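Take the two lone chains, each set in its own frame, and fit them into one complex as the hints suggest.
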Amino acid sequence: MGFWEVLGNAFALFATWENVLFVGLGVMIGTFFGAIPGMTTPMAVALVLPFTFSMPPVTGILLLLGVYKGGLYGGSITAILINAPGTPAASCTALDGYPLARRGEARRALDIALYASCIADFISNIALILFAGMLASLALAFGSPEQFTLIMFSLTIIAGVSGDQLLKGFGSAAVGLLLATIGLDLIYGTDRFTFGDVNLSAGLNFIPVLIGLFALPEIIAYYGRLEVKREQNPLAGIGATLADFKRCLTSIVRGSFIGVILGAIPGIGGAPSAFLSYSEARRTSPQGDNFGKGELEGVAAAESGNNGVAGATMIPLLALGIPGDIITAIILGAFMIHDLRPGPLLFVENLDMIYAIFIGIMLSSAYLLLIGKLSIRLISRIADVPHRLLFPIVLILCVYGAYAINNTIFDVSVMFLMGAVGYLMLRLDIPAAPFLIAFILGPLLEDNFRQSLLLSKGDYSIFFSSVICWIFWGLTIVAVALTAWRGLTPKSAS
Amino acid sequence: MARKDLWSGLILAGLGLLVVFVLIPQGVVEPRKVKYAALSPSYYPRLIGIALILLGAVVALRDVFSPAGTEQDPARHPRALQRTAIFFGLLAVYGLAVSASGFILPSIIALAAALLLAGERRIWLISVISLVLPFGLYFFFLKIASIPIPAGLLAPLLEGI
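In order, the protein sequences belong to chains A and B.
This note's numbering numbers the first residue of the first sequence as 126 and each following residue consecutively.
This note's numbering numbers the first residue of the second sequence as 23 and each following residue consecutively.
It cannot be assumed that every hint is accurate.
With a Cα cut of at most 25 Å, we get these calculated DSS-like pairs of lysine-lysine [said to hold, decoys possible]:
{"no.": "1", "chain 1": "A", "residue 1": "Lys582", "chain 2": "B", "residue 2": "Lys55"}
{"no.": "2", "chain 1": "A", "residue 1": "Lys371", "chain 2": "A", "residue 2": "Lys418"}
{"no.": "3", "chain 1": "A", "residue 1": "Lys582", "chain 2": "B", "residue 2": "Lys57"}
{"no.": "4", "chain 1": "B", "residue 1": "Lys26", "chain 2": "A", "residue 2": "Lys418"}
{"no.": "5", "chain 1": "A", "residue 1": "Lys371", "chain 2": "A", "residue 2": "Lys498"}
Pairwise CB distance ranges, derived in the manner of DEER restraints [unchecked claim]:
{"no.": "6", "chain 1": "B", "residue 1": "Lys55", "chain 2": "A", "residue 2": "Leu470", "range": "42 to 52 Å"}
{"no.": "7", "chain 1": "A", "residue 1": "Ser590", "chain 2": "B", "residue 2": "Lys55", "range": "19 to 29 Å"}
{"no.": "8", "chain 1": "B", "residue 1": "Val44", "chain 2": "A", "residue 2": "Asn531", "range": "27 to 37 Å"}
{"no.": "9", "chain 1": "B", "residue 1": "Arg98", "chain 2": "A", "residue 2": "Ser590", "range": "51 to 61 Å"}
{"no.": "10", "chain 1": "A", "residue 1": "Met259", "chain 2": "B", "residue 2": "Phe157", "range": "51 to 61 Å"}
{"no.": "11", "chain 1": "B", "residue 1": "Ser149", "chain 2": "A", "residue 2": "Lys418", "range": "32 to 42 Å"}
{"no.": "12", "chain 1": "A", "residue 1": "Leu146", "chain 2": "B", "residue 2": "Gly36", "range": "53 to 63 Å"}
{"no.": "13", "chain 1": "A", "residue 1": "Gly599", "chain 2": "B", "residue 2": "Gly158", "range": "13 to 23 Å"}
{"no.": "14", "chain 1": "B", "residue 1": "Lys55", "chain 2": "A", "residue 2": "Asn531", "range": "29 to 39 Å"}
{"no.": "15", "chain 1": "A", "residue 1": "Val510", "chain 2": "B", "residue 2": "Ser88", "range": "39 to 49 Å"}
{"no.": "16", "chain 1": "A", "residue 1": "Arg506", "chain 2": "B", "residue 2": "Gly158", "range": "14 to 24 Å"}
{"no.": "17", "chain 1": "A", "residue 1": "Gly599", "chain 2": "B", "residue 2": "Lys55", "range": "33 to 43 Å"}
I should point out that these hints are in silico values taken from the structure, not numbers from a laboratory.
All figures in this text were calculated on a predicted structure; none of them were measured in a lab.
Built from N, CA and C at the ideal position, the CB exists for glycine as well.
One chain only, chain B, in its complex shape (with noise of 0.2 Å):
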């Protein structure tokens, strides 16, 4: 990525300026009388908010008067963008998946579609490992940990198990 100090300045900068001017008057619920402006709930957040600005904006300067490098990364993959963005797109239809239909069935589906695009191409391995871990970890963490994982879709086939 270009100008990583430019942006890194700017995300802080930003951040700070968020908490300061939205995020307290919005979020801090303040007492009806506070003894000491130290005691206050938004004192030590406001702190940290002022202190993100003046780092961020120090940061951007520093790289807006220095000249910017260009830098390659021999490792990176020539699909780089598009992996990351598919892997991306995996982890939000799992995180959504998860919470709609339990832990079991997304996790198979997920694991195997990020092994397949980790480049795994052995589908009996990929099959094993997809089925074996989900299923494993909810047994395990059910009969040993006593913590039910949701099973979803599949409660009603592993009731009584």
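Only chain A is shown next, with the shape it has when bound in the complex (with noise of 0.2 Å):
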């Protein structure tokens, strides 16, 4: 068959009511949900995947991946208003999104963090089209060493996001790489600082402790303060505008890309990548030195290079048949269900239904923007709820959502222990961000690290055995001067 009858085909195949309904139902469903705290963009899609069992194979797949898609946006939604992101990869999107709507400016970060989700998401879907086989390949060349030199240099952001508080930011993430270690060791399977408790064996679950460090600090440091009129700002209320968009479009298209190449090497994720990219954007951004408090420019990188991740997580798993995360593994799981087996062979006996799968994709980039649109104006008024009344409603969704994730209490003392600790960070000034990017890239970094040394028998020199890991570390000394040279230089020369 050639290109343009396979392409007939998946037309033909894709063009059915259901099809077009599902795509869309899936994004709101994601949408939603993603919006929730404690409702996790996986728990969506595991919810969801009993229902496509008796759809056609192509509708139940699109489904799954509109709300997968629609995950990854809701998930910003929550971490702009209410500082309780719902991903560790949203977490970075706070950073910056949640000054922002504390300013009144919640439609405009909203506004932004949509339109850089939506184009992060087409630029990983044309880049899943027509590159899938070579960014496979290029995501095999990734073993442990060269993704340990990729999580060493993307772990340069902590510098970035201290501030002026440089020293106490290097306490802070080690404070999380310390947190990150509880739990059963992955080589020798002996217990860490879990002190018999199984609730700890497994480690610390992210979702509570994101929720505890950054909502419940907020909610306790409340009812120390007097409550201030806000003050008048002319964006209040107003979404972003052309040249807001125009000015952070170099950022959204690195972030993409940036997401497009992570997401396609299994197991990396879309925190690293929203990190990488938001480090990235704040190294060559004019703004930089805003960034952390209330940039737009940092939303739209993080969110981007979240996003970028959506359609590339994909690659390896119709590439392969390997599921580069949770969700692409639930994915696998329904692929499997309607006899169908992800992999090169997919690709020889499907292909019109791939490219079906394809057209329902970019469909969904579409109704990702619409949907977002839509809602905005109405989810963008939550921040102009009164705090003497929004605080304390989010302290009973914290606590119900830590507590869904896992279905224990436990998550639930975490949260609170957490929102202990983070209160403290806050009056310390010990900010908060490079613990929870230590935390969150401190077991990928660990795992790494001591895998390689598995693999090279204790040989330290297998973390310069490729030029990937060259690449990295060059990147990594390059950011570090940088960074040095920014702090030698006074503010007002830079």
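Following this line, the structure appears as structure tokens:
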């Protein structure tokens, strides 16, 4: 069959009202679930999965992909509005999104988050369609040493988000790395800091830690502050303008490509991509010093990095049959339920179906823009609710949400404890963002570090054994040098 | 809070000392034989612990040798300490009550108390929010997300709904 014939068959396979409807429904469900603290995107995809059993394969898979894409954007809504990120990647969006919402510019932040999400999603889908084979082989070149150097490079953002509290930022990151070591040791299977408690065997779940560290300290601190009348901000209630969009476009495109490349590597996920994109935007932006204080470009960079992985995570799944994260593992299950086995053979035996899915994926980007745009006007009003009402409500949402992740009270206790830790950090001016970045990237760093040494029989030269390693070491050195140079340069000169 | 850097440094260094000298010996189970030192389960946490001690010491010492500044927060509530302490107490009681008697009843009481403490004085609004939100979330998670939230004392009343 020629290309045009396959494409014609794919259109015929896709062009049913069920497919068109269910992609949109999936995006809507994903956005809704993603916007609820405690409801994660994998949870939403897993909930929808049973409904796809009786559907035709293309319809079922498109419904799940719609939920996935909607969920990625939905996670940014709570991160921006109430500082309660639903996913580790969305926590990067909260760094600038929440300060913007506090200034009354929630709608502007949500708008840019949506545009960044849609563009990144679109670029990621194009990459999936055009470069699936090539990116899959590049992704396979990423072994443990390469992943270790990549994470090392991602961690250089810690210096960037620490502001003028660099040493405290490093201390905060060290505490995050330490907390990430709780649980069973990956290589020997022995206990680390579990003290016999089975709840700690799998380590601390990141959602209660995120909610505790970001949302609760704000609520606690509110009770020690006077109810301040909001400043009259001319941008309050106004959406993002074309000028805002143009200013953020470079960061959005760069973040999208970072997302595409990192998303194609199995096991990396959206968080490193979001942080790396944010880090690069901060380093190159003329507004770099404003990052972390409510910079629109920061929201754009984080969201594009996060959403750029959406299509790319499908590359190793479709081309090699390797699920890159929990969501693609669930989607792999959906393929198998319909007697389809992702991998090279799928492109030979079911090419028309693959193309039909690609068409649906492209449509999902348009749905995301439409559904997001329709909901923002309503959703952004949440930020206008008086704090004396909003904060107690958020507290209850956080408690239910923390429980719902694993159905365990233990997670609620972790959230409260992290809230107290976060409040102490707030009072002592210890930045919380480095803690969070280190906590999320820490397990990846340690696992790849030790696995590399296991492979090399203790020889550290494995971390310099490939071109990819050298590239990331080089980038890390440049990033550290630039940060040091910025730190030494007087503010007036910069 | 005065001398923030001193306190930060002391806490970070103290945590590092606790990790290296108490938590690792007590909480990390070492396998009988480890091929290379870097593969030991305690290698990485020890490295972080030592880094914490050094960082904490530098942060604290920098504060000791620099003049202490005094800063006043103009937005600070006149009864900030009292209000914050009450809220911490509320969180502690709420956390304990949730484990003992389910989510709904403690959430209703905690939400009403938090709203009152925050300065909301409209009793009808407090009542509506405090009742609707905990019940609404309970039914949302149960019926839509299929996640049973413990209803505790109210479980017999909600059975079958």
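Verification of the hints:
no. : hint                              : result
1   : Lys582(A) - Lys55(B)              : 15 Å, holds
2   : Lys371(A) - Lys418(A)             : 20 Å, holds
3   : Lys582(A) - Lys57(B)              : 8 Å, holds
4   : Lys26(B) - Lys418(A)              : 21 Å, holds
5   : Lys371(A) - Lys498(A)             : 18 Å, holds
6   : Lys55(B) - Leu470(A): 42 to 52 Å  : 44 Å, holds
7   : Ser590(A) - Lys55(B): 19 to 29 Å  : 27 Å, holds
8   : Val44(B) - Asn531(A): 27 to 37 Å  : 29 Å, holds
9   : Arg98(B) - Ser590(A): 51 to 61 Å  : 56 Å, holds
10  : Met259(A) - Phe157(B): 51 to 61 Å : 53 Å, holds
11  : Ser149(B) - Lys418(A): 32 to 42 Å : 39 Å, holds
12  : Leu146(A) - Gly36(B): 53 to 63 Å  : 59 Å, holds
13  : Gly599(A) - Gly158(B): 13 to 23 Å : 54 Å, violated
14  : Lys55(B) - Asn531(A): 29 to 39 Å  : 35 Å, holds
15  : Val510(A) - Ser88(B): 39 to 49 Å  : 42 Å, holds
16  : Arg506(A) - Gly158(B): 14 to 24 Å : 18 Å, holds
17  : Gly599(A) - Lys55(B): 33 to 43 Å  : 38 Å, holds
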